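*Asks:* Single-letter residue listing:
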Amino acid sequence: MTRHLAVVSAGLGNPSSTRLLADRLSAAAARALEALGEPIVVDVVELRPLAHALADNMLTGFAAGELAEAVAQVRRADALIAVTPVFSASYSGLFKSFFDVLDPESLTGTPVLVAATAGTARHSLVLDHAVRPLFSYLRAVVVPTGVFAATEDFGSTAAGPLDERIERAASELAALVTGAARTRPHGGEDRLESLPFEELLRRA
Amino acid sequence: MQFGIFTVGDVTMDPTTGRTPTEHERIKNTVAIARKAEEVGLDVVAVGQHHNPPFVASSPTTTMAYIAAQTERIILSTSTTLITTTDPVRIAEDYATLQHLTDGRMDLMLGRGNTGPVYPWFGKDIREGINLAIENYALLHRLWREDVVNWQGRFRTPLQGFTATPRPLDDVPPFVWHGSIRSPEIAEQAAYYGDGFFSNHIFWPASHAKQMVDLYRRRFEHYGHGTADQAIVGLGGQVFMRRNSQDAVREFRPYFDNAPVYGHGPSLEEFTAQTPLTVGSPQEVIEKTLGFRDYVGDYQRQLFLMDHAGLPLKTVLEQLDLLGEEVVPVLRKEFAALKPAHVPDPPTHAQRVSLAAAAAPVPTPTGGHA
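Protein sequences appear in the order of chains A and Y.
With the first letter of the first sequence counted as 1, position 173 gets the number 173 in this note's numbering; the numbers rise by one all the way through.
Count along the second sequence from 1, then add 1000; that gives the number in this note's numbering.
I should point out that these hints are in silico values taken from the structure, not numbers from a laboratory.
Watch out, some of these pointers could steer you wrong.
[Said to hold, decoys possible] Derived coverage of chain Y by chain A (criterion: at least 3 residues anywhere in the stretch with Cβ under 8 Å from a Cβ of chain A; other residues may be distant): (1) 1134-1141; (2) 1185-1196; (3) 1207-1220; (4) 1260-1268.
Values in this document were obtained by computation on a predicted structure and should not be read as measured data.
Each residue gets a CB set at the ideal place from its N, CA and C atoms; glycine is no exception.
Construct the entire structure; sequences and hints are all you get.
*Replies:* So, in C-alpha cells, the structure goes:
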C-alpha cells in the first residue's frame, strides 16, 4: 500500500538550512519505510511561496489555489515531517500560520516527526517547549526523537550525532506509520456530513 | 425563481471620501434601497439583525414593517434573524404580526450570529450556538403550528398552556429559510423540517456552497419531503457592475480593498477567481450567475449583496437599476427555461395556502358521525 509522506518546511532562505534538514529527514524516512516494504510518495510543502495565501486565508477563512493543494496534501498524508527555523524563542510565525489555518482535525492520529534549525544549540528545547505541544493540541502522534540542527551541525564533515538523530527519528516515524491504524472523523473532502437530526435534537 | 437583495446593515466608512454615514442615514438609506428594489422589479429584499456596532440593524421587523407599508409587491425577508439570542416566543409573535400586516408578503431566514461577546448580553453562550438554533427553532416551529403549547427546554422559561398570538395568517406559518456559511448541522436541520436552505455563497469558494447544498438536498430526500432536486435552495451573491467592465473594476477596487471581512487580504482579481464575486459588465454578471445552477442545481431564490463596504447610496441605486433592468430579466427567462416542471416554484404565501388546502383532510360536518 502506497504511503503518503508530507514534508512541511518553513525555511525562508534559498538555500535554506531548514529545507536542507527537511530533505535529509524525508530521504531517511523514505528509506526506512521502503525497508519495511512500504512504497511511498513524498509531497514537499514549502511555506515561503504560500506566505501571501496564508495571510489571505486568515482574513477570508478559506485556503485558495496552491495553499488549498498544500492543505490537501497534508490532510491526506500518512505521516508528516514538520521543520521550522527558530525565531524569537519559538517556531516561526509562518510555520504557525500554516497550522493555524489547517482544520484542527486534519492531523488527528497522524504520526509527525518534528525538527527545527537555529544558529545556536541554545535553542534546542524549542522542539519540546513549543513544537511538540502544538502537535499534541492537534492530536497528532509525535515521534519521541525530535531533530534539532544548529549551524555547527551543518559544519561538521564526519557522520555525527545529527545523522544518528535523523536515522533514529526516521525509523520511529516509519514504525508508527506501519503500525498505526488511523481513524479520522472526516476522511473525504467532497462530502459534508452531519449527525442525523434526531441525534442533534436529543443532544440539544 | 425569485431575485432580490440582502443587506447586513453595516455602517461602514466610504474609503474614497473618508465619510461614515450616520446611523440615521444608514437606516433611511436601507428603506430607500428597498423601495428602489421594488421599483426595478426585484422580488425580495432581506434585512439583517445584529446587536453590536458597526451594525444598525437591531430591529428587523420594525424596518420590514416600515418598508412593507411603502411598497406593494416585494417580499420582505431577513438575512438573518438570530435564532440563538432572540427568544423564539418573540420571533413567533413579531413575524406573525408582520405576516398579517403584509398580507403574507414576508418570510424569514434564521442564522446563528458568530460574535461570541454578543451571546452573554442575551444570557446565552456561543458554545451552545448549534444547540440554541436547534432547540429554539423546535419551539418556534410548534408555536406557529399548535394553538396551545406546553413546553420545557434548556434555554428558556418553560411554557404551560401558552398560545402565541396572533396565529399565523390563514393558519399557514411564515416560510423559513435556514442560513449557514459552514455548519452542516444547519443544512441537516433545514432538511429535517423540509424548510428552505440558504447558502451564504459570498465569502467562500463555490465548492463549499456546493457541499452544503448537496448535504441539504440528500437529507431533504432522506426525510421524505420529496426528491433531492425538489429541495428549496437559496443562494447569496455579490456583484458590482458598470456597462464597461474596466470601469466597474476601477470604481469598486477601493471598496473591495477596504471591505469588512476580506479587505486587506487577497486582490480583487484573486477573490473574483476564487469566490462567486463578480465585478464587471451586466453581461458578465449574467454569465457567472447562470453558472451557479451548474453546481447547486435548479434553485428558488437568488439574493445579491449590493450595499456594503461603504458604497454610497447613489451608487447602490445605480447598481439596482442595472440589476433590475439588464440582469434580472435575462436571468429570469434563462433560469425558467432550464427548470424542469417537477422542481417547485419559490415559496410565497399564496402558494403555501393552496398547498395547505390541498393537503388538508375534508372537514367533518359539525354534529356528524365521527
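*Asks:* Evaluate each hint against the coordinates.
*Replies:* Hint by hint, here is what the structure shows:
no., hint, in the structure
1, 1134-1141, "holds (count 3)"
2, 1185-1196, "holds (count 6)"
3, 1207-1220, "holds (count 6)"
4, 1260-1268, "holds (count 6)"
Of the numbered hints stated above, none is contradicted by the structure.
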